[in-house]
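Engineer: The primary structure of each chain is shown beneath.
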Amino acid sequence: MATSVIMPKAGMAMERGTIIRWLKKVGDPVIAGEPLLEIETDKVAMEVEAEVSGTLIQVVREAGEEVLVTETIGFIGAEGEAAPGPGGSGQLEAGAGGRKGGVRATPAARRRAAELGVALEAVTPSGRSGEVKLRDAEARRSPAISSLARKIAEQEGVDPAGIRGSGTGGRIVKRDLAEALARLPASGRALARSPLSGPRKIIAERMLRSHLSIPQVTLNARADVTSLLRLRAEMNREIEERISVNDLILRATAIALLGSRAMLATIEGEEIVAYEEINLGMAVAVDSGLVVPVIRGADKLALPALARLTAELSGRARERTLKPDDLVGGTFTVTNLGMYGITSFTPIVNPGEGAILGVNAAESEVRLEAGLPVERKVMTLSLSIDHRVIDGAEGARFLQSLVGLLEKPYRVLL
Amino acid sequence: MPRISAAERGAAVEERAIEVPRELQREMYLKMLQIRAFEEKVAYFFSRGMVHGTTHLYMGEEATAVGAVASLGDDDFITSTHRGHGHTIAKGIELPRMMAELLGKQSGYCKGKGGSMHIADLARGNLGANGVVGGGIPIATGAGITIKLRGDDRVVACFFGDGAINEGTFHESVNLASVWKLPVIYICENNQYGMSMSVRRATNIDDLSLRAKAYGIPGTRVDGNDVLAVYRAVREARDYVRKNGPVLIVAETYRFSGHSKSDANRYRTKEEIAEWRERDPIARMRKRMLEGGSATEEELVELENGARRSIEEAVKYAEESPESSIDELETDVYAD
Amino acid sequence: MREITYAEAIREAMSEEMRRDPSVFFMGEDIGVYGGAFGVSVGMIDEFGPERVRDTPISEAAIIGAAAGAAVTGSRPIAEIQFSDFVAIGLDQLGNQAAKMRYMFGGRAQVPMVVRAPAGSGTGAAAQHSQSQEAIYCHIPGLKVVTPSTPYDAKGLLKSAIRDNNPVVFLEQKLLYRVKGPVPEEEYTVPLGRADVKRTGRDLTIVTWGRMAGMCLETAVRLAEEGIDVEVVDLRSLVPLDKETVVESVKKTGHLLIVHEAVQSAGYGGEIAALVADSEAFFYLDAPIRRVAGLDVPIPYNPTLERNAVPTPERIERAVRDLLG
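Residue numbers (the working numbering), protein chains in the order written: chain A, 1 to 414; chain B, 1001 to 1336; chain C, 2001 to 2325.
Derived by calculation from the structure, the hints in this document are not laboratory data. Zero decoy hints are in this set.
Incomplete in silico selection of chain B near chain C, CB under 8 Å:
#1 1109
#2 1111
#3 1120
#4 1132
#5 1135
#6 1139
#7 1145
#8 1168
#9 1172
#10 1175
#11 1331
#12 1332
#13 1334
#14 1335
#15 1336
Using C-beta positions, here's what the derived DEER-type ranges look like:
#16 2020/C <-> 1267/B: 52 to 60 Å
#17 2298/C <-> 1333/B: 27 to 35 Å
#18 1326/B <-> 33/A: 35 to 43 Å
#19 1204/B <-> 2295/C: 44 to 52 Å
Every beta carbon over 10 Å from chain C, so not counted as near; a handful from chain B, in silico:
#20 1024
#21 1214
#22 1308
We put the beta carbon where it would ideally sit given N, CA and C, even for glycine.
Chain A on its own, in the form it takes in the complex:
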């Protein structure tokens, strides 16, 4: 009896995941605990381990497919065992999405939807008992296209849906693609097209949601960080942990937030939510985009502990080994573009939070001190706030307090 491999629910909020790649081929032996495939959730990429030993006898969902959690994506069975096939329990589970009273669909609709890669949940049913019929699944069907034409379309990044076919029964053939390509303006030709999925899809959604639903205002303040940088250099000579500028800013931010709890607020529906914990999101750029691991209870961490934690989180972010729970629960985010020489920008508030602090590069400035020109390091801090729930003055007070901390860095150590 084959055991199904499912899309695991790897975090409380996870609803679906994308298969990045299978690490085993059908027919490969598999040992329980061995990595079987890589998946991507909205937050993180991770490996899924085999739960049982045996042979991978069927792959139901291929790389690139987005799948509901608990849906069957493959089967592990005995070597030579027949795959349960599209009619096996896997498919039925797929239709039900692992939930009671899942999608009602005729066998024909299920089969066709699987062939077309159409999620039954996304299809509007037209059957008498609310079931998805074959015609409903086919309504989402991509046009008939020759395999050569499909290949060209993929290479050229052209969506065949918009092309009129001239082959038998309206089938799209090579000739149609050539004509369609000729009509495209030169500048509009895409280099490549790929499905919007995984973290990029999530980033896009969250950014757009924030932009559309949150009226934001960005306040800029300048902090003299000359002493701070000097202090850091001394510390790094004296102690084992390597303290970054960012660690110092995170520490200062946590302390400043203790006195400016108004920053830890957001709107959920008709309610204002005031967070109790100071959980700092720390934006980290990685190959596939951006991840924001969370430092929980940042106000309670002394600088060396904080430094150890940030080093670990950024390392894991780059190695793609963050766990989904590392990525949730943030109440305030710090994003740092200073290393790229950026001197001022407008960060966008993470939905679910009230404010985000943008950290810029420290610039050299000549200032007059007692009439003498002195070189100082000055950094601009860019704070974006959700103006629905945080007033400008509250933001300004927070920035003021943060600047104060950074300019008298011994306070950061307290």
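Knowing the structure of chain A, use the given hints to seat chains B and C on it.
Structural biologist: For chains B and C alone, kept in the frame of chain A given last:
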């Protein structure tokens, strides 16, 4: 209980004195011995669980099958009953393959698919034992049609019991054969009981051969424990049916064993069984052959040893044969 | 092509096979000078004589059993049972004897016989003369079961049945005896075990047999005017069953309606439904499998009741619309 008086027996056939050659007498004696020995072995195997299902023993009735079949030609047909070992051995089946069938072996006559109640030997004209009481009577009748249509010289001997004579198939078949003048000898083996039902409680007549009158055909009654009497009666009938259509012969006999192996004999007395055992057809034949000079004691002992040997050889063959093949489970349902 | 009736087609099949093979003979009640209860064998006794066209007493067990005995000894009997309902009287001989001989005897016997029997309702003969009991025979391994729906099929199938080396139950459709259809003069046979797609269609498959095939075809033609394209598969042989034609048709249309005159419960239609549900065609079903069959009642006498005890064109049409809705 119907008794056959010496006078009746005499009246029936004996005085017509069809000559039975010595060689044939010895052959009939051997056949009866083989049937007895075969069944004693079957009973032994059954009690040890080697013959499964059920089995219906013919012991005590051997003279009927042997006498009747001995009067037939090799290519004449017979149909048999659930108590069919006697008819089958009398018709000349190969004992090793018959024993193999009872033990459920691939080398059995029916590849182990038929068992005790369904042995047939079509090559020798044996159209099969039958699990249904009265089931073989229409089949025998149909064989009579084939003979008639072909204009053959053959006949059919249709064996059935006193139980079957009350089945509708008996009436329908004998009537049909009577109007079509089919060459069928209907031989009712009246062993006095249909399972536990005494023939005296099951019919309102003492002489079952009276039934023949209803179809306008000859009916005779014969001592079924006298192999020569049966031989003569059937021999005579064989000549008659070829020209004139069917006859009914009722052979009065008795089964020594219970109906089947699960029978506790509650419906009959020990005295009755003992009384019939006194008339054991094999002992009677032995005595007659000795007295009539058909065989010497030495010759009879040799036949008796030979019968035992043939059964031992059959057992050896059957035991050494492989079980029915599972590959045969779904074959033979349909002919091509 | 010339047109003859279903009854004439059956007579031609029997006569041709009797001329062809001297081992074929025919027996039954009133089949001689009377010509059979439905006139199927009129004139046959004149050609073949009373030895090969044998009038029997009213003895169904003996007729069927004697056919088995004749068959196992080398004849090829055709036994007519006047009404298929009466096969029950000889069912031991059919089901326990003829059907099982070959298997019981380890493949050493063959029983080439045909039991012809008129089946079905519509004559006002009520409960004991109007049944469609094909499922009983289909449930007995060793029997073949045939139900022709046209004169062409009746002739071709009966010739194959007579030549077949197994007991074949050949269920004729009383109401079709007088129906005419094209039948070629030249020799032909229709193989057992091959269904006939009587009408091709895209939208829905009707699997049917016997008299219902014609009713389904008429319904299909009517629905075609509305653009509903129904495929009608006439099984012709129930055993052996042409599974492939049924499965392929349902894969094409995605909809299956089974129509038979016999009562629905435990009917052979359930077997067809199970076949499809257990096949590749399941994955092509776009609606549940539906049966339109006889009601679970004895056939009544009153004409209106009788008509409504079995499928009607209205019920078939409603079911088609419902499934395609």
